[in-house]
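Enquirer: Sequence:
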Amino acid sequence: MRFAVSLVTTSLILAVSAQAQRSPFSPPQAKLQYAPDRTCDLQHLAVDIDIDYPNRSFSGKSVNTLSPLRAGIQEILLHAGTSLSLTSVKVNGATAKYRQEGKNLFIATGPLAKGKPFQVEIAYTSKNSRGTGFGSGGGGFHWISPNATTPTRVGFWTQGETAYNCEWAPTWDYPNDL
Numbered sequence: 001m002r003f004a005v006s007l008v009t010t011s012l013i014l015a016v017s018a019q020a021q022r023s024p025f026s027p028p029q030a031k032l033q034y035a036p037d038r039t040c041d042l043q044h045l046a047v048d049i050d051i052d053y054p055n056r057s058f059s060g061k062s063v064n065t066l067s068p069l070r071a072g073i074q075e076i077l078l079h080a081g082t083s084l085s086l087t088s089v090k091v092n093g094a095t096a097k098y099r100q101e102g103k104n105l106f107i108a109t110g111p112l113a114k115g116k117p118f119q120v121e122i123a124y125t126s127k128n129s130r131g132t133g134f135g136s137g138g139g140g141f142h143w144i145s146p147n148a149t150t151p152t153r154v155g156f157w158t159q160g161e162t163a164y165n166c167e168w169a170p171t172w173d174y175p176n177d178l
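Numbering of the sequence shown is given in this note's numbering, commencing with residue 1 and proceeding in unit increments.
Fair warning: there could be bad hints in the mix.
[Unchecked claim] Derived PhoX-like pairs (lysine-lysine); straight-line CA-CA distance at most 25 Å: (1) Lys61 to Lys90; (2) Lys97 to Lys116; (3) Lys103 to Lys127.
[As the list claims (entries may be wrong)] Have a look at the derived ranges for each label pair, beta carbon to beta carbon: (4) Pro151 to Asp48: 26 to 32 Å; (5) Thr162 to Leu69: 20 to 26 Å; (6) Glu161 to Tyr34: 16 to 22 Å; (7) Pro117 to Trp157: 27 to 33 Å; (8) Gly155 to Ala113: 41 to 47 Å; (9) Ala71 to Asp48: 27 to 33 Å; (10) Gly93 to Thr150: 41 to 47 Å; (11) Ile144 to Pro27: 33 to 39 Å; (12) Asp50 to Gln119: 19 to 25 Å; (13) Asp50 to Ser26: 39 to 45 Å; (14) Gln119 to Ala35: 23 to 29 Å; (15) Val154 to Tyr174: 30 to 36 Å.
These are calculated hints, taken from the structure and not from any lab test.
Please read these numbers as outputs of a predicted model, since none were measured by experiment.
Quick reminder that beta carbons are idealized off the backbone N, C-alpha and C, glycines included.
Produce the complete structure using the sequences and hints provided.
Expert: This is the structure in structure tokens:
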């Protein structure tokens with residue numbers, strides 16, 4: 001009898017485990033996605049952008065104030081859109097080494113103390129920023145152009161939710177930093 005109970009318990013655990021993996025709101029072929037690990041808490045972001053509308057370009061500087069979540073961190077991950085050309089990266093005012101892999105921007109910081117805030121300043125330009133249209137699943141930086149009915153219509157807008165802010169300002173760009 002003890003064996004039968006164990007077998008039933010195991011079957012129930014397996015059934016519950018399989019059930020927990022299926023969501024009624026996602027298609028069966030949906031790939032599981034997990035939030036990226038954070039090394040730091042983003043405490044403040046200051047962005048200064050100069051817009052050159054006639055040439056559809058902009059340049060800017062983002063200053064990220066971060067606080068390490070653990071001791072011993074020597075490299076951090078931020079995000080920078082692929083249309084951004086980085087011109088300098090500084091950590092606490094000193095030039096820092098970095099590498100960019102797609103939207104991932106890895107910055108060498110040297111040893112950081114847990115909880116001790118530091119600043120990362122990134123200067124950049126963009127000559128090819130073209131966010132996709134609203135509602136099409138894309139975001140970032142969008143230019144507004146004149147059209148036949150409104151020939152004086154000019155400007156731009158940004159869309160950052162959920163992970164498109166890095167298309168116009170290098171920063172931690174994932175909604176898991178509360």
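Enquirer: Does each hint fit the structure? Answer for all of them.
Expert: To see whether the hints hold, each was checked on the structure:
1. With a CA separation close to 11 Å, the supplied pair Lys61 and Lys90 stays within the 25 Å bound.
2. With a CA separation close to 21 Å, the supplied pair Lys97 and Lys116 stays within the 25 Å bound.
3. Distance hint between Lys103 and Lys127 is fulfilled; the C-alpha atoms sit about 17 Å from each other, no more than 25 Å.
4. Range check, Pro151 to Asp48: about 31 Å between beta-carbon atoms, so the 26 to 32 Å window is met.
5. Separation of Thr162 from Leu69 is about 21 Å and conforms to the stated range, judged on CB atoms against 20 to 26 Å.
6. Checked against the given bound of 16 to 22 Å, the beta carbons of Glu161 and Tyr34, roughly 19 Å apart, stay inside it.
7. Between Pro117 and Trp157, the C-beta spacing of about 31 Å keeps the proposed range 27 to 33 Å intact.
8. Distance hint check: the CB atoms of Gly155 and Ala113 are about 44 Å apart, consistent with the given range 41 to 47 Å.
9. Look at Ala71 against Asp48: about 32 Å separates their beta carbons, and that is inside 27 to 33 Å.
10. A C-beta distance of roughly 45 Å is found between Gly93 and Thr150, which places it inside the suggested range of 41 to 47 Å.
11. Look at Ile144 against Pro27: about 35 Å separates their beta carbons, and that is inside 33 to 39 Å.
12. Judged by the Cβ atoms, the range 19 to 25 Å given for Asp50 and Gln119 holds: they are separated by roughly 21 Å.
13. Distance hint check: the CB atoms of Asp50 and Ser26 are about 42 Å apart, consistent with the given range 39 to 45 Å.
14. With their beta carbons about 24 Å apart, Gln119 and Ala35 fall inside the hinted range of 23 to 29 Å.
15. Between Val154 and Tyr174 the Cβ separation comes to about 32 Å, which falls inside the hinted range of 30 to 36 Å.
The structure agrees with every numbered hint stated previously.
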